[in-house]
Structures are given as structure tokens and as C-alpha cells.
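Kindly generate the complete structure, drawing on both the sequences and the hints.
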Amino acid sequence: MLAATLAPFVLGVCAPMVRRVAGDYAGWVLAVLPAALVVYFAQFLGPVAGGETLSFSTEWIPSLGISLSFYVDGLSLLFALLISFIGTFIVLYAGAYLKGHADLGRFLMFLLMFMGSMLGLVLSDNVVTLFVFWELTSITSFLLIGFNHDKARSRRAALQALVVTGGGGLALLAGLLLMAQAGGAMELSTLLADGDVLRDHPWYLAILVLVLCGAFTKSAQVPFHFWLPNAMEAPTPVSAYLHSATMVKAGVYLLARMNPGLGGTEVWHVTLMVFGGATLVAGALLALRNTDLKLMLAQTTVASLGLLVFLIGIGEPLAIQAAMAYLFAHSMFKGALFMVAGSVDHGTGTRDLYRLSGLGRIMPFTATAGALAALSMSGLPPFFGFIAKEWVYKGTLDGGLPLVLTAVAITGNALMFAVAFLVGFKPFFGKPGDTPHKPHEGTLSLWIGALTLAVLSLFFGLFSNISESLFVGPAAIAVGGQAMAVDLYLWGGFKAPVVASIITVAIGALLFWQGRRASDALARLIDPLWGPDKGYDQFMDAIVALARSVSGMLQTGFLRRYMLVTFLVLAAAVVLPQLFDGIGVTFQTPPVDLLVWSVVLLTFGGGLAVMIIRSRLIAIMSMGIMGTGVAFVFLLFGAPDLAFTQLMVETLSVVILTLVITRLPVFGNDHRGPLRVTRDAAIGVAVGGALAALLLTITGSPLDIGLSTYFGERSYTEAFGRNIVNVILVDFRALDTLGEIAVVTIAGVSVLGLLAFRRRESADESVASEGEKTP
Amino acid sequence: MSEMAAWLVVWPVAIPLIGAALAITLWGRPHAQSAVGLIATALQLVTSLALLGHVWANGPVAMAMGGWPAPFGIAFAADTLGAGLTVAASAVAMAILVYGLADTGIEHRRAGIVPLLLALMMGVAGAFLTADIFNLYVWFEVTLISSFGLMVLGGRREQLDGAVKYAFLNLLATTLLLIAIALLYGMTGTLSMADLSGKVAALPADAPVETIALLFLVSLGMKAALFPLHFWLPAAYHTPLPTVSAIFAALLTKVGVYSLMRVFMIVFPDGGEIAREAMVWVAVATMVVGALGALAETDIRRVVSYTVISGVGVMVGGLAIGTELALLGTTFYVIHSIVVSAALFMAAGMVARTGGGTRIADLAGLYKGAPFLAVAFLISGLSLAGVPPLAGFWPKVYLVQASLEAGQYAITAGVLVSGFLTLMLVGRIFALVFWREAADGARAMAPASTRGAPPNGGAVLKGALGALAALTFVIGVYAAPVVDMSARAAAELLAPDAYIEAVLASPAQTAAAGADGPEVRR
Amino acid sequence: METILAILVGFLFAISVYLLLSGSLIRLILGVFVLGNATHLLIFVSGRLTRESPPLVDAGLKVAEADVANPLPQALILTAIVISFSLFAFLLVLSYRAYQSLDTIDTDEMRIAEPESDTPPMRGRDV
Amino acid sequence: MNLLLVNIVLALLWGVVTNSFSASNLLFGFVLAYLCLWLVRERFDQRNFFRPFRILRLAGLFVYELVLSGYRVARDTLAPRMTFRPAIVAYRLELESEVGIMLLANLITLTPGTLSVDISTDRSTLYIHAMDVDDPDALRADIRNGFERRIREALE
Amino acid sequence: MAEFGALFLDWSILFAYGAMIVSVALTVFRLLRGPTPADRVVALDMLALLGIGFIGIFSISTGEYAFLDVAIALALVGFLATVAFARYVYRGAIDARHARARADTGDEA
Amino acid sequence: MTDLIGGLIILVGAVFSLVAGIGLFRLPDIFVRMHAATKAGTLGAGLVLVAIAVDSQDIGVVTRAIAGLIFLLLTAPVAAHLLGRAAYLSQAELWSKTHIDDLEGKYDADGRRLAGTPENSPRSATRDIPNPG
Amino acid sequence: MNSLILRTATPLLAGLMLLFSIYVLLRGHNEPGGGFIGGLIGASAFAIYAIAEGLAAARRALVVPPIAIAGSGLLLAALSGVVSILFGDAFLTGQWWFPAFAPDMKYASTVVLFDVGVYLVVVGAISGIAFALEERE
Ligand code: NA
Ligand code: NA
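Chains as they are written, first to last, in the numbering used here: chain A, 1 to 775; chain B, 1 to 522; chain C, 1 to 127; chain D, 1 to 156; chain E, 1 to 109; chain F, 1 to 133; chain G, 1 to 137.
These are calculated hints, taken from the structure and not from any lab test.
Treat the hints with caution; some may be incorrect.
To be verified - For lysine-lysine, the following DSBU-like pairs were computed, each having C-alpha atoms within a straight-line distance of at most 35 Å:
#1 368/B to 534/A
#2 151/A to 426/A
#3 462/B to 99/A
To be verified - Short, incomplete list of chain G residues facing chain F, as computed with Cβ under 8 Å:
#4 3
#5 5
#6 6
#7 9
#8 16
#9 82
#10 86
Said to hold, decoys possible - Some residues of chain C that are not near chain E, with every Cβ distance over 12 Å (derived):
#11 3
#12 56
#13 62
#14 102
#15 109
#16 125
Using N, Cα and C, we set each Cβ at its ideal position, and we do this for glycine too.
Dropping the structure here:
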């Protein structure tokens, strides 16, 4: 199972190579893998239909319970089969669609990687692994949408998809981890086995919101529905695969998967129905408003996703069955229609509905596929789409549910009926229109997939038992989390659902007839409205503007601002705790000691002069005096080595400073006005005062001088030196000294480096100025 | 524990030290210096791997320098955290040195880039391995002065400008650290972190432990570039040579973070409550400010600089939570960030080289022009954003989990929001710099010849960058070793008994000395 | 005695903060110098004060007398002094080079690394 | 020859300073002194070295003058009214060696009321600031017959 | 006699401290007052000499002759500092003359 | 006895130090002040070194004290020369009672070369002394 | 700085300073002093020499670039720490030899070598910095 999931990645990496070797047949070569995967997954159909579930697990990060565990039940198997089956044709299709394209290999690589991600997503049992694949689908989708990266619209769409689904993904991560914590397990199979644990947990609402964020963004639910149509900038194979058949259903998959654990509560029902219903209607309306084949299909995909969420939200067994049936149907007819749209585009150079007509004779296979798929989509018998739609109405009309649900479903379905006919029939009938290219039928690869899917729509409608027992039934049972009787059939008598279907067809036909007018009317109505797509732009602008203003406020470029903030923080850190805890200082009147007092006074004076004097020479000298004062403090308190060093260092500092300052023409005026002077002085006093108080507090208690006693005892006897300080430096703590001389050496190197480039720079400048003179 | 094994703690520091010294002695002979540099970094990597292996098998290992036992002498000690970070640092340094030798001109090598890099590595390894808090300060300074030298190599105007801000602010930071250490010594009378561990806890209630802890937070936080003490980083990281930016981003802030971990887990395991509380909010602010800063920037190197900051927020966030899982996440994040920050700056350097500039508005067309670079950049960037299955994903998972467990929801939010902003950022940069075509208003990718191809050919650059990008991928996919290592490190941080014992008991053979021994002491 | 020196230390810190808050490179350098001295004194005082008896093992003795000054802080300060001096030297030369190249010692005018944006920035939506 | 002498003296000095006249220590001192001299070797190339007795005589004169000098300066400084009359006087040098000129200039500075300000580029003239001068020629004569002669005797 | 000698030494030391502190104060006045840079350098040089004396006396009063080396070192670096400052003043003077000379020739031209 | 001698030397040295300070404080121009500093100041410091030598009666200390003294005596005049020249070049004002200035006009325009005097016993150029009062 | 007096006095002064610096270095183990202070005095000597005689003469006097002296000092210090591995001791463990011909000699040890390393580092680095600053008058 792991191998099956990872194989597409491995093959994907090889795809560019395959392309180089196999040339235009790369699609055929690479399609072998998904085809093999179909066979592989098909072997589980029997056991799963028999009620079994299978688990496969490989350790990943054993210490933290993260494993590559896979779980095959009706739901995941349905998805896995759809992914690999449709994937087979998509790979073929892509090979032909992008024939001769320089980056075909790269494209197929992304596509196969996406396939692997999607398989991993639907098969994962571990929440972390699930999330890993979830994110991978976002990334591969980003790369695929941006495939035509020279177009700004593609880039925008790719980034938009990434931002929306990536953002949702992060929420999902939090939700999944919260769920894992609440349920005490990492495996979904364990977590969902007893849903009450989650539903009764205080974090339930948080988990729900976070998971829904993930699902809704991925499955393009209102108000995140805008990214999906934009993603149609991608080449059609991508649209057909990711944005109709598979990836966008990941959110639906997630909701379906979580249903046993998170579903069944009031908030779950209401939220899903409201968002799903709104998405259904909005998507359908937007579909009708558009005239671009792909966009229309995309919007109906949004609507269908809404319908699926809506059905899962209802949560009753019939609704669940309806959801699974519709999902199954949708994958086939929508995949087919996208490929048809792509072939038409490929063959004519346009996707504008009102420029296309009469292609039926020129593109017979494509037309057949389109017509069959459109019939399934429009929900007419004996196509599987009809069964799915019937079950939708069964679900909404299920005992006791408000009628408004059915009304919503009818509205959506009617709109989709119209779109189905517009897309699946309109281009192929009538007189040939005026298209950029001379229309022609594509190669086998371009129509075989669409035709197969379309025919299967019919097949599964006719043989509903197969779909029921192998696909929809086990999936519904998995979603429902309980045993349920599933029985799909074409004709169940003239009951309420059939009435609803008739109403649907009637309204749909009307809309199809008035298609152009409806589209124009909707355009007038919708286009001026503010929508989340504009909102996205505003969001991006706003976040960057916010970033700029925050950054501009903080990172001003002025060193003294940085210093100011730093010292304010420092002052807060040393002043506040002492203020709150009280200062533990006990002031003692210092003994009168002439030497100490005069030395301190000298240091004081030197420091003060450094601060206030405006002549650089005197300031430097005062610095020297201050340093000497400190040296004398060391001398007075028994630190001759320190005094020695301090004197040397202070003098050399003064010398070097003089050496340098000679070359600086000005001292640099202190521009500070009285206000800033006061402020800066206050900060200085705060920091200095607090540190002094801290020092006094600390020196108020006795110090454990065990270390120094140790040194005193061993300095001569074991280290053969009478000067304890020096013995510490070269023996007891020689490592400090080693680091210290490294600092000295590196300081030398750094200074050399600093000065090495001054000549070069001036040379550069002269070259540059010469260059300016003689352009 | 055998004496030779204890030497393993020394080699990762001693080797670059000897290498740097030798390289400086060979002043003016850049080729010899380069050879010394390569050999030294390779040896450093080998010895630190051996150290990690030893620590993994036998627990913390320590050596008392000069045979003077801690707390009297200075001890080096490696637990899993120290050894692991040393390995990560030396591995990345190796890649950076290789990159640097190919990327920099002979004049930079003449000016001493090799000894400076080696000295930086010595300082970093020293900081990771020392068990003495004053010695830690010394390694900070070694790192700092080497970074000064590296920062100004080339002497361009913006470098000098950036270096001024960088130098003064960082000098302030290390001075504050020294003040904190001095006051800590004034309270406890000791400098060994193992010894401090007990002595701080035993201080009377009225001792100003809180203030000292805050002082450590301020000084180390400044080194780590925590908000609002991070200014030096965006002011300067984008100005030096790409090689230098890469090693800075990889290592400097991590040393600060590492030291925060050490100080707060060993010296102030209890106490420092105010500092810990502050750390939570500071960490969250750092994540967000860093991510926003990156979004605001128009220069690709500055963008990368800011991402370093938000990463620091994430790491310190984990430390602020302080649970085992959180420390695991932090440790993992440090390792991840070492790799990926270096990779991103290398990539930025190559973008500048091939794209002819660093202004995002001017860059375009590199997806076609430099596909390898594009892939490496994308992998590194996505890893930074925490996208699975790259290395950056795992620490994010653990930190989110840990913060949820601990009820630190602000940190959860911070991690997620900064991750989101980073993802947005990476996607945007990728779209603009790599995907966008020159026609869309940006400058066309100039032919490589006008900018002077790298002296040793681009293959070496690609190799170094590719190695790091591959590393972040491999660590992500094959995460178990790093997770196990981080888990062990976290456990050891929370229960540092073995570390403390190793430090305080390091030399067994100290006492056998005496002035009357005729030839050799000890 | 600690009191008067602690006050001196605080005073020196105040001076250095004040100098470091000015925008002029030379003042910043002086501030760094004062800061270093203040810190060294702080370490010195932290180690407690002893008048006039250097930590030497007097001739004829094998072990230092008990009342000698605390040698450890002295050794630490020595290390710190040397390091500060090295950094000081670097900073000094850096400032000089900065002046040479940027033609100013006013840090407010150093805006090469972080220039004010000269072109209208890209909008967030632009890709 | 002279360098060797200096070297030996320095080695002996080393022995004094390090408080040990053991052969090994003296040898060590010799090596050290050799290295130090070697580092500054350029200046020693053509140098006549000292003649001990005359040097001692010169030193005696110098100490005498120095003490006198201290007294005179103290007197002038502390006198309630400043009645002295300073002057900058040119002094034509007869000495030719660099060491001699340097020595003369230094001795002049350290002795009563005179201070060497500068030497002309052609080494012919020493400019002296004197604190209290009535007759510059008397000052010149003092120097000519005092220090300059003794230095010539000691060095040339 | 010995007792008197010790007492005398103590008093001398005390007097010396006092004299030096007064002298330092006077010298600092000169340092601040100037008026020429050279005056300040002379004052600084004088401070170094006073420092040498101070350390010497301190060394006698504590009996720690180790401090003598500190005094010698101060003499060495004090000289170095004076040379550096003298050069600073000298350079300033030369530059000023140079500028003046150039200005003069400029006027003539 | 050594205490007595040492004390005496210290006393004298202290007096010289004080004199130097006073001289620096009240003497009228830089050259005159330099007389005080170089002579009295050097004597003050030097005598203290001698006092150490006397007081210690330790050959090592004596040697070092003498070495220090020699160094002082060597450097003080050199420093005075450098400062005096710099002061003159920077046109430090001479005290009004300075009645001879043989240096006047001897430096070239930019001050780098100093001319000598031609004769063996030059006639000093008398400076105009402004009438006091 | 073009001064005959300074130039003539300098060799003597610089020689004295160098001697003193080595004295301070070697004596540091027992009395105030040591490698660092000694090194600073040594560097001062070279600084004076450079000021008086000019940079070129000072560079000639040192033969190798000052920074290389610092590097070799660092190398010496590091190696004197590493040597103890041969004796089975920890890094930086002092090894002392008391040669038979001079049993009182306290200079034959790695500790003193270490201090000499310190001395060389300081002399080399500080002179290097000073010389570099002096360059391009
Ligand atoms: Na799953
Ligand atoms: Na010492």
C-alpha cells in the first residue's frame, strides 16, 4: 500500500527523463502506472464490498506514534479507484494535450506527484500523514495551476489557490492535532470508532471549526469558492483531474470521513447545510452567468461540491447514499466534460460558448462523449447521474426535513441541467462557427478518456447493482459509520423525487432555451457586486500594507531608534521587577577613605567630561582619565594585574582613537534637543540606577568564594605560580584565555579586512566615474 | 568513560581553532588557507559526528579543561542537544565553506574569509559545548568578532552601514550578557552551569533572581533577534557576501536560542517566572513581526533575513512552553532552521548572481533560466513555511501539539499564522522571481557572461545549495532520527541530571598531583 | 565601600546609555568605552572588595592567605578587558571606514543598507 | 663588537631582573636580548659605542644640573611675581652624530630653564626655549662648554 | 630612631598623596582650560607622571613592590600616548599651515 | 634609616610634583609650562622611583626602579620636544615677555622643513616686547 | 613623524620596551604581568618604532606580517593545549619539565608556552591593527 502511494512520486521524478526518452509517447508510458494502480485497488473491491476493512501500516516516526498507516474501506477505496482510473486517462490526455510542449515532462511529474498525494490523502489513517498528503495536494496544485507561468493570471490563480487552501490547511492541522489530543489517538480509525468522545469533548466546537476551515477552503465552499474558477488558468488536464474529479473533493472526503466522529450534532448539520446550500446555488448561478466552457464547468463543480457538503450535512442515511452516488456520478461526467472542453479548445482555439457550434461532425468522438456526459450531468435517465439526482431528492425529502432543502436542491440542479446542455450539446450542433483554428478532431488520447467516462456514466446507470454493491454502498456505510441498506435503482415508481426531477428538467430546459439572455441578466446582476475574489486582492494588498506599516514603524533605519527601544526594554527589565519586589538595598555610609574618594571622583569627573564636553580632544583625554581612574580603583582594591592591564589598554585605546579621529574632520554634533536630552538622560539614570541597586542588593549578602579558595590553595602547589590571577588565566581557566586571544587575533584579521577594501572601493569609484564619462 | 572519548568534546572547537590559527599564520596565501579551511571543516564534521554517536550511546560526556574539575575549572560537556547542534552547524558550515570558496573572489580570500569562517565555527561550537557560563560569554565574543570581520568583507557602502548598526547593537547585547553573568556570579559564587543549577535554586527568596533572569532574556534574546530586540538583524543580514549571510542566518541567532535554552533549562529551571511569561508573548510577537517583515520587504535578501526572525520566534515559543514535546519541537526547529536559512541565503546569492540584482521588482524569469535554483529555492522556502514532508513541517506539528496541550493558544496561533504568512510569502516570491517573465515589467535575466561566472563554475554552488535542499527534504521524509534525537535532547533538558553529573564529575584523575612530583603534573 | 563603587558603576552606566543614545559615531564609541569600564567595575564589585592585598601567594608560603582579594573576578575582568579592547579597536576602525565611505558620522544619515523606498512598492496582489 | 657588548649587558640585566644568575637563565637572557636587538637592528648599523668613564662624567654633570634645574623651576614657578624673561634661542651645533645631537637636546631639556624645541632639518641648529634669559650668548657658551663638550668626549 | 623613621615615612606618604591630589586637580584645570591642544597634551603627560608617582607611593605604603612594574608600564604607555597626541597636534598644525599656504597661492593666482 | 631617607626622597618628590602642578596651573605660556612639567614633573615621579629603590633594598626592585628612571629621563625630553614643536607650529601664543624668537620664519610654509642658522654664533633676533601698562 | 630626536631615541626606547615586555611576560606567573600585558608593551614598542621610523621600517623589523605573528601565537597556544593528549591528560592540562641541569627553572612548561602564545597574539594583532591604520598617510 505504501509502495502504491509512493510509486507515483517516484515515477513523477522520472517523468522528465521518460519524456526525454519516449518523446510524445511519454503519456502512454507513464499511464501504465495508474492503470496498474487501478488493477491493484480493484482487488480490494470484493473484500470491501463484503464488509471488510483493511489496514496497512509502516512506521515513520515511531517515537511519536506517527506512522504511514493506510486504511481501506468503502470511502477510501472509492476515491482511490476514481483517482487512479481517471488519472490513467488524464495522463494519456495530458501527453497529447501538451504534445511538443517544452515542459511536458515537468507537467507529468507534477501530475503524477499530485496523484500520489491524493491517493495518500484518501488512504491515510494517521492524522499527521493525512495532513502531509493534504498539503502535498496544495503544493502540487500550486505548481500545476501556475504551469503557464508566463501569464499573470495563471500566477495569480496559483498563488490564490495556495493561499486559500494552504491557509485552510493550517487550520486543519490545528484541528487534527486537537482532535488527536481530545481523542487520545493518532489513527482516524481509532478516533472515529467512538464519535461521542469527540462530540462530548469541550474542544468539539474548536475542532469542528478548524476542520471545516480546512474542508471548506479545499472544496471551494462559499465564501472560499472563488479560487476554483480562477484555477482554470491551468491546462485542461489539470482542471479535469484536480479541479473536478479529485482534489477539490478532498474537502468533501474529509467531511465524509469525519462524519462518524464529528457529525450528527446540530451545529454540524446546520453549518454544512447552510454553506453547502449557499455554495450550490451560488455556483450554479455563476455557471450560468459565464460563457467560457471551462469556467462554466468550474462553477458547476463548485455547485456540485456545495451539493455534496449539503448532503453530508443532512447526515441521514439516504442523504449519505445520495452524496456518495452523486460524488461517483460527478467524477465521471465532470471529468469527461472537462476533457471534452479541453479537446474543443485544443481543436478550435476557443472556449467561448457562443463562438462554438456545429462541431459534432468534425469531432464525432468528442461530441459523443460530451453528449453522453451532459445527459448524465443533467440527470436524465438512464444515466447514473439520474440515479444520483433521484437519491438527492430522496435524501432531502427524507421524512421530516424541511421542504426548503428540496427547493435549494432543485434550484441548483435545474441550473446545472441548463449548463450541462449548454456545454455538452450547444458546441456540437448547428452551423460550424467562426473559430481561431480550423476545427479538427484530436488523437485517440484526447478523446478516449472522455468517451470512456461518459460511457461508464451510462453503464453504471444501467447496471446500478454494480455501482451500488461495489462503490456507493460500501462508501456510504463507511461514511455513515453504521450498517445501512443501500439499494440503487433507476426507477422506483412515480414518487416525490420523480416530481422533483420533472420540475428540475422543466426549469432547466427553460434556462437552456434562454441561456444567452439568462447569462446576460446574471452578468448585469452579479458583476458589479463585491465578491470574495476582489476581497482576495484586497486581503493581499492589506496584508502587505499592514506588513509595510508594521515593518516601517519598527525597522526605521535609525540606529538611535534601535538603541532607544533596546534601552527601554532593558530599563523595563531591570527596573520593574525591583520596583515590584522592593529594592533590597541597605545603604551604608561609605567610610571616609581619601584615596578611594579621590580616585572615584577622578573617574566620575572623567566620565562626566566624556559625556558633556564637545571638544573631541578633551573628550578623548577625559576618556583616558576615566580609564585611569578605573585602573586606580583596581589598584586600591588589590588588583595589580587589572590595574596594569587597564592602564595599558586604556592608553592604547586612546592612542588608536587619536590615530583614527585625526582623520575625522568633525566631532559630530549632538543634535539632541532639550526634550531628547531629558529623555535620554532619564533612560540612562533608570538603567544605571537600577543596575547600581541590583549590584548593591547582591553585594549585600555574603559571597561563596569557594572557587577562589580552591585556586588560592592550588595555585602554587599544583600550578607552580604565585600570581593566582595569572594562574587562573593560563591554567585554571585557560580556555577563557584561549577564546580571548582568538578574539584578539580575529579582531586583527577583521580590521585588516576592513581596511583592505578601501583602496579597491576608490578604484571602483574611479572606474565608475570614467564609465559615466564615456558611456 | 575513556579519556579519548572525552576529547571528542574538544575537537569540534579545537580543530577550527587550530585551522583558523594556521590559516592566519599562512597570511597572504589564500590557496593554502582554503585547503586548511576545507580540511578543518571536514574534520570538525567528522569529530562532531563521532561526538554525537558517543553521546547517543553513552549519555552526556564532559571534559574538565586542564584537569581542574568543575566548578573550579571550565568543563566542556555535550549532551544530545549540544552534540546534535554541533553536527548540524558543522555540516552546514562545510556546505557554506564550499559555496563560499566558489562564490567569493580571490580578494575576499586574501582578506581572510577562511580564518574568519573557521573562527566563527569555533565560537559557535564552543557555545554549544561549554558548560561554563562565563566561557559561554567568551564564545559569544569569538563568534561576534568573527562575524564583524565577515560582515565587512568587501567593504561596500551598504555593508559598512549595516555593520555599524550590527556591531554596536550586538556589542551591547554581549555586554548585557556579561553583566548578567557577573551579577549571577555575585549571587552564587560559581560559573559552572551544572553548579549554578543547584545554587540558584538554593538562593534565598529575596535574591533578585527574577531580575537576573530577565537580564539574561534581554541579552540572549537580543542575540537571538527576539522582538523587540531584533533590529540589528534586518539592518545588516542582507549586506554581506551571500556566503556570509548564509552562515550568519544559519548559526548566529541559533546560538542565542541555544543559550536561552541552556540558561533557562539548567540555570533557571525554576524561577524566572516573569521572564518565562514574557517569553511567550515575545515569541509570538517575534513570529508575526518576522513574517510580516518578510512580506513587506522588496529585496530578496532582506526577505530571507526576516524569515530568520520569525523562525526565532517559533523556537523561543517552544522554549517558553517548556514541555518535553515543545522542547523537542524547538530542538528540531533549530536544526531545520540551520539548514534551511543557509540554503535560502545561498539561493538568494545565486539569484543575485544569475538575476543581476536582489530587488524583487527587478527579478524575473529564473524558472526558465535557472531551473535548478528554482527547485532548490522552492524546496527550502516550503520547508521554511512548514510544508510537509519537508523538515520544517515536523517541528511545527510538535509545537502546535505542545502549545495546545499546554494551553498556550497564543503560541499555536503564532505558529500557524506565521506559517501561513510564510507560505504566502514563498509562493509570492516564487511567482515573481521565478515564474514571472521579463516582459511583465521586470528586468530580463541578463546573460550570465555579463556578470562574471563564478570562478569555479556554478556547479559547486549548485552542489552546495542542492546538498542543503536535499538535506531539508531528507530530514523531512526520514525524520525519525532527528525526532528521536530531539526527543532525547528535550528529555535531557528537562532532567539534566546526567549532564550535571557528567560536568561535575568529569576528571577522575585530578587529585593525583602534587608539587613534589618530579616531572609531570597529574 | 561597595556602596560608593556601586554608585560609580551606576553613574558610568548612565553615561554610557546617554552616549549610546546619541546619533554620532564618535559619541557611540565613547559610549562603548564607558560601557566597558562600567561593566568591568561591575564584575569587580560583584566579586566583593578587599583593600590592598593582591591575590598572590607570598614568597615562602605555599597557599594564599585567606584575606587576599578574590582572584576569580579579576581573571574574568582581564578576559573581558581584552575582549572589549579588541572589539573597541574594531568598532573604531569600522567607524572610520564608515565615515570614509558614507561621508558622515551621523548615524541618522546612514541609510544605505536600509534606504527609504524610492519606488512605489508592489501591491500585495501583484504577482 | 659593540652590539655584542650591549647584548651581554642586557643578558646580565636579565639575570638581575629575574633574580637568577644560573647559566641557563643567563643564556636565556642572552638569546632574548639578541632577539630584541635583532628586531631593531637597522638603527645599530654604524654606531660607536659608549666609553664608560666619560659617560659617567656626563651622568654626573647631568644629575647635578637636573637638581639645580628642579630648584630653579620651583623658584620661578612659586615666585609671587613672574619676573623671568623667556626666549627662543638658536644654537649652532658642533656635534654631528645623531646620538650626540639627541643626547644634547635631551640633556638641555632636562636641565635648568632650557628646553629643546626643534632641530633644523640640516641638523645644524638646535632651537632652545629658555625660561629666563638675559644674554643668549652666555647661554650658548654654557652649553658649548658644558654638555656639548662632554658629549663629544664621550662619543666621538 | 627606627620608629621615628617609620612615622616620618608615613607622614611623608600622606603628604605625598595630598600633594599629588592637589597637583592632579591643578593639572586637570589646565587640561580643561587649554587653551591650545598642546597645553592639554602637556597636562595629560603630567597626569601620567603623577600617576607614576602615585603608584610608586602606593607601592611603598603597601610594601607591594609588584606595583612598581605598573608604574614603569605607565611610563612606557604614557610616553606612547604623548607621542600620539603630539603627532595629532603636529598634524593639525601642518594641515592648517598647508591650507593657509594653499589659500595664499590661490589668492595670488 | 632607609625609612628616613625614603621618606625624605618622597617628600622632595612630592614637592616637585606639587610644583609641577602649580606651574602648569599658573605659568603664562605653553613653553614655560612645559619647563615645569618636564623638569619638576619628571623629578617628582623619578624621585618616587628612587624612594622605592631605597626603601625596598632588593636588587631586583632597585634594578627595575633604575630602569624605570632611565626610561623616564629618556622619554620626558623627547616628549617635550615633540610637544614644543607642535605647539610652535600651531602658533601657540608666546608669553608677552618672550623677548627673543629665533624660530620666527624658520619653518617653511607648510611647516615640514626647518632652516638652520648660518653663522656659528648667531645674533638673536630680538622680539618686540609690547610695553607693559 | 619626522623628528631627529625621536628617531634617534627610538631604538633604545623600543629595545628597552621589548625587553621589559618579555620580562613582564615571563614573570607573570608569579607576579603581576603575563602574556597579555607583556604583549601590549611589546606592541607599544612597535607602535613607537613605527611612528618614529616609519611603517616600512617597522614592517621590516618584524619580517613577517604582524597578523601572521598573531596567528602563530594562537597556534602555539592551541597546540600547547592539545599536547596534553600525548600524556593522557585533558585539554589544556599544564605539562611541566624540570630539566636536570636547572631544577629551579620554571619556564619549561606548556603553561608558559601558552602565555608566550598570548604574548605573540597581542603583539601581532595590535601591531597589525596599528600598522594598518598607519597605512596610506
Ligand atoms: Na484517510
Ligand atoms: Na597576569
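Here is what the structure says about each hint:
1. 368/B to 534/A: 30 Å, holds
2. 151/A to 426/A: 29 Å, holds
3. 462/B to 99/A: 31 Å, holds
4. 3: 6 Å, holds
5. 5: Check passed: Cβ of residue 5/G comes within 5 Å of chain F, closer than 8 Å.
6. 6: 6 Å, holds
7. 9: Where the cut-off is 8 Å and the nearest Cβ of chain F is about 5 Å from residue 9/G, the hint holds.
8. 16: This hint holds: residue 16/G lies near chain F, its Cβ roughly 6 Å from the closest one there, short of 8 Å.
9. 82: 35 Å, violated
10. 86: Violated, because the Cβ-Cβ distance from residue 86/G to chain F comes to roughly 36 Å (cut-off 8 Å).
11. 3: 22 Å, holds
12. 56: 7 Å, violated
13. 62: Since the minimum Cβ distance to chain E is about 19 Å, residue 62/C lies beyond 12 Å and the statement holds.
14. 102: 22 Å, holds
15. 109: 25 Å, holds
16. 125: 58 Å, holds
Comparing the model with each earlier hint shows violations of hints 9, 10, 12; every other hint is respected.
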